[in-house]
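Mapping of the sequence shown onto this note's numbering: residues 2 to 123, in sequence order.
Calculated directly from the structure, the hints in this document are not laboratory data.
Just so you know, not all the hints are guaranteed correct.
[Stated by the list, open to error] Label-pair distances were calculated between CB atoms; the ranges are: (1) E30 / S53: 12 to 20 angstroms; (2) T98 / P47: 15 to 23 angstroms; (3) Q89 / T31: 18 to 26 angstroms; (4) A70 / E113: 29 to 37 angstroms; (5) A70 / L34: 31 to 39 angstroms; (6) L67 / Q89: 19 to 27 angstroms; (7) L118 / G85: 18 to 26 angstroms; (8) G112 / P73: 13 to 21 angstroms; (9) T44 / S104: 15 to 23 angstroms.
Keep in mind it's a predicted model, so treat the numbers as computed, not measured.
Where is the CB? At the ideal position from N, CA and C, for every residue including glycine.
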Amino acid sequence: MKAGAVGQFLLLFMACSMLHTGSSASGNETDRLSLLDFKKAITLDPQQALASWNDSTHFCSWEGVLCTANNPRRVTSIRLERRGLAGQISPSLANLTFLRNLSLATNQFTGEIPASLGHLQV
Numbered sequence: 002m003k004a005g006a007v008g009q010f011l012l013l014f015m016a017c018s019m020l021h022t023g024s025s026a027s028g029n030e031t032d033r034l035s036l037l038d039f040k041k042a043i044t045l046d047p048q049q050a051l052a053s054w055n056d057s058t059h060f061c062s063w064e065g066v067l068c069t070a071n072n073p074r075r076v077t078s079i080r081l082e083r084r085g086l087a088g089q090i091s092p093s094l095a096n097l098t099f100l101r102n103l104s105l106a107t108n109q110f111t112g113e114i115p116a117s118l119g120h121l122q123v
């Protein structure tokens, strides 16, 4: 391989490595989108419990959300009890495949519990 081709290959390799590292450092996009879908289904949030649920911070820093320590970080727990939340429980929570604890007690949710949540591993 010629020196110019080797240099181009190394540059391409480094760029791809940086893209891969950046995507894993940002966490799991499916988890982030599932949490945002849950938030969209909330019609009342009197204590502003979900105010931190936006793109200004990583979803693992959002109030009531706990994640794994390793990369990519995955949601393992949602604890939002006694927050006065109203609305429906979004079936998108079933996409949180690492979720082991969902605590939403003493809120005002309506409708049925999505059947898809029954497929999560415990």
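Taking the hints in turn, this is what the structure says about them:
Checked against the hint of 12 to 20 angstroms, the pair E30 and S53 passes, with Cβ atoms roughly 18 angstroms apart. Distance hint for T98 and P47: a CB-CB separation of about 31 angstroms, inconsistent with the stated range 15 to 23 angstroms. Between Q89 and T31, the C-beta spacing of about 20 angstroms keeps the proposed range 18 to 26 angstroms intact. Checked against the given bound of 29 to 37 angstroms, the beta carbons of A70 and E113, roughly 34 angstroms apart, stay inside it.
In this structure the hint that A70 and L34 lie 31 to 39 angstroms apart at CB is violated, the actual value being about 22 angstroms. Checking the proposed 19 to 27 angstroms range against L67 and Q89 shows it holds: the Cβ atoms sit about 23 angstroms from each other. Range check, L118 to G85: Cβ separation about 22 angstroms, and the 18 to 26 angstroms hint holds. Between G112 and P73 the CB atoms are about 31 angstroms apart, so this pair departs from the stated range of 13 to 21 angstroms.
Range check, T44 to S104: Cβ separation about 20 angstroms, and the 15 to 23 angstroms hint holds.
Violated hints for the displayed structure, listed by number in ascending order: 2, 5 and 8.
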